[in-house]
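Each chain, letter by letter, is given below.
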Amino acid sequence: MEAARPQREPALDADYDVEAVRAQFPALQQEVYDEQPLVYLDNAATTQKPQAVVDRLERYYTRENANVHRGVHVLSQQASSAYEAVRERVADFIGAPEPDRGPAHAQIVYTRGTTEAINLVAATWGRSELEAGDEVLLSRMEHHSNIVPWQRICEETGAELKVIPVTDRGELDVEALEALLSERTELVAVTHVSNTLGTINPVERITEKAHAAGAKVLVDGAQSVPHMEIDVAELGVDFFCFSGHKMYGPTGIGALYGRRKLLDAMPPYQGGGDMIDEVSFGGTTYAEVPHKFEAGTPSIADVIALGAAAAWLDDMGRERVHEHERALLRYATERAREIDDIRLIGTAREKASVLSFLLGDVHPYDAGTVLDRLGIAVRTGHHCTQPLMERLEIPGTVRASLACYNTREDIDRLAEGLEKVRTMFG
Amino acid sequence: METQSATIDARADELVAEFGLFDGWMGRYEHLIDLGREIPQIADAHKDDAHRIEGCQSKVWVRAEPGEGGRLRFTGDSNAAITRGLAALLIRVLDDQPPADVAAADLGFLGEIGMEEHLSPTRKNGLHAMVEQIKGRARRAA
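Line order of the protein sequences matches chains A and B. Sequential numbering of the first sequence, starting at 1, is according to our numbering. Sequential numbering of the second sequence, starting at 1, is according to our numbering.
Just chain A, same shape as in the assembly (with noise of 0.2 Å):
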């Protein structure tokens, strides 16, 4: 508990009309059980929304439906030109920069989100790479999706996987992870930022130092792209992956970057069809890259709204969301340590949209229940990071993380909230 109110930060963007941004998410204007209004705050598991890319979804159902890349009819055409077009607004969106042979957009495979990518990269650059000596570097504050598709195909080819450690606020242990890199290092594959403690992570200096070394660079951008502006080129990283629905997209479509001069080396990794150049028993060639990727019928609908959300969230402007969401977590961690007992939980000096808590003695469980009946939605648990949790010695936390159109009223629910949860527990 501090003695006295500290200074405010600047206060929120005045000109960032966040009713206005409320305003096109319809499943914000809702009330749970009695009627509490919805108060939204577990973006990081997935954001609601807007209208613009339901419509999206909407109008593609009801007037352009057709399959991919095979039709000669009209809808097929221009459900092909929409899909493809995603392509090259998603390659822009991340800034993947022009390879030597083919477009930029050529690097962009779509995926079913961020786990997909990885698994997609542990099954064909993994197994094509890796061989018995070999090492992947991890960051002890990895997601489960950026350690088990490394365990398994470590198990599988005898590489062996190495953790970078976390230190006590939750940063990276940079130090520590240069001492690790060796010219056995092939992969290092971290987070952007972290989904539990909303850590930034120095990506850059990583890459710097991973390709040093001669090792790839994979980067988890789930966290990342919906908070802050993403430039691949700049990042200087080998492969990046993310998620249409933690930025407003739908479920079941992502994303993964990678070196055109990679990919063209890796093994497919789905067979089937949309994936080949040519058939026949006597053996099959594959087509270019992205498409030997992307066997059978991709989610095209979702390809589409993916792109809608992309455009919308460039059409209200990246910058300005972030500056609304990093005055609105300056907020948030103030009136958090107002609260007696409470304990944040990864303080690291570059955050990103996450306040992670514990409150006394009181099981997160708990506190997500209390907090659920006052309409105010958070996670609780261990948020797929066992091995950061181990850490940190916590079963677990409390986690709110804000999105574009959280408000302060918001914020202040939920301080009532545990307030509310004290009480009862305390």
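Hint data in this document are derived by calculation from the structure and do not stem from the laboratory. As the structure is a computational prediction, the values presented were derived from the model and not from experiment. Fair warning: there could be bad hints in the mix.
[To be verified] Examples of chain A residues lying across from chain B (beta carbon under 7 Å, computed): (1) His-363; (2) Tyr-365; (3) Asp-366; (4) Thr-369; (5) Arg-373; (6) Gly-381; (7) Phe-425.
[Unchecked claim] List of simulated lysine to aspartate or glutamate pairs, EDC-like, C-alpha gap at most 16 Å: (8) A:Lys-209 <-> A:Glu-234; (9) B:Lys-59 <-> A:Asp-361; (10) A:Lys-162 <-> A:Glu-178; (11) A:Lys-420 <-> B:Glu-30; (12) B:Lys-135 <-> B:Asp-95; (13) A:Lys-209 <-> A:Glu-183.
[Claimed, not checked] The calculated label-pair distances, taken between Cβ atoms and stated as ranges, are: (14) B:Glu-132 <-> A:Glu-208: 49 to 55 Å; (15) A:Glu-319 <-> B:Gly-27: 46 to 52 Å; (16) B:Asp-49 <-> A:Glu-319: 46 to 52 Å; (17) A:Ala-20 <-> B:Glu-14: 52 to 58 Å; (18) A:Ala-377 <-> B:Gly-69: 45 to 51 Å; (19) A:Arg-152 <-> B:Glu-116: 35 to 41 Å; (20) B:Ala-10 <-> A:Glu-338: 44 to 50 Å; (21) B:Gly-111 <-> A:Gly-133: 56 to 62 Å; (22) A:Ala-377 <-> B:Leu-21: 28 to 34 Å.
Where a beta carbon is used, it is the ideal one built from N, C-alpha and C, also for glycine.
Use these hints to put chain B onto chain A, whose structure you have.
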């Protein structure tokens, strides 16, 4: 229900009456938390994987021991207060009853006391798993 034990029914009715004294969810939850404080405590030595209920965000353990006349005696605990309360509810209704009655017990009272949202198998509080485990144990003992 003809298979329902009169005792289990009576205990459930008693709980419904108790929870009926509270108007809002908060009072009911506070009562649930209080009931959790009175749970027949499982010995620390038994807080192991063998007695752990899977599928909960919190840790919860339930143990069944044979008592007099083949009836089962239950003890339990959880490191979350609400989950401990839910375990206590089940134990209060099902403890020291003929295994066949426990196995056949209708636990509709949980809905009547406003805890219906905890009953879904997808809720991570383990109530559903606790019920399955207790009934499974009772079926084997019956």
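Each hint tested on the structure:
no.: 1; hint: His-363; in the structure: holds (4 Å)
no.: 2; hint: Tyr-365; in the structure: holds (4 Å)
no.: 3; hint: Asp-366; in the structure: holds (5 Å)
no.: 4; hint: Thr-369; in the structure: holds (5 Å)
no.: 5; hint: Arg-373; in the structure: holds (5 Å)
no.: 6; hint: Gly-381; in the structure: holds (5 Å)
no.: 7; hint: Phe-425; in the structure: holds (6 Å)
no.: 8; hint: A:Lys-209 <-> A:Glu-234; in the structure: holds (15 Å)
no.: 9; hint: B:Lys-59 <-> A:Asp-361; in the structure: holds (14 Å)
no.: 10; hint: A:Lys-162 <-> A:Glu-178; in the structure: holds (12 Å)
no.: 11; hint: A:Lys-420 <-> B:Glu-30; in the structure: holds (11 Å)
no.: 12; hint: B:Lys-135 <-> B:Asp-95; in the structure: holds (12 Å)
no.: 13; hint: A:Lys-209 <-> A:Glu-183; in the structure: holds (12 Å)
no.: 14; hint: B:Glu-132 <-> A:Glu-208: 49 to 55 Å; in the structure: holds (53 Å)
no.: 15; hint: A:Glu-319 <-> B:Gly-27: 46 to 52 Å; in the structure: holds (47 Å)
no.: 16; hint: B:Asp-49 <-> A:Glu-319: 46 to 52 Å; in the structure: holds (51 Å)
no.: 17; hint: A:Ala-20 <-> B:Glu-14: 52 to 58 Å; in the structure: holds (53 Å)
no.: 18; hint: A:Ala-377 <-> B:Gly-69: 45 to 51 Å; in the structure: holds (48 Å)
no.: 19; hint: A:Arg-152 <-> B:Glu-116: 35 to 41 Å; in the structure: holds (40 Å)
no.: 20; hint: B:Ala-10 <-> A:Glu-338: 44 to 50 Å; in the structure: holds (49 Å)
no.: 21; hint: B:Gly-111 <-> A:Gly-133: 56 to 62 Å; in the structure: holds (59 Å)
no.: 22; hint: A:Ala-377 <-> B:Leu-21: 28 to 34 Å; in the structure: holds (30 Å)
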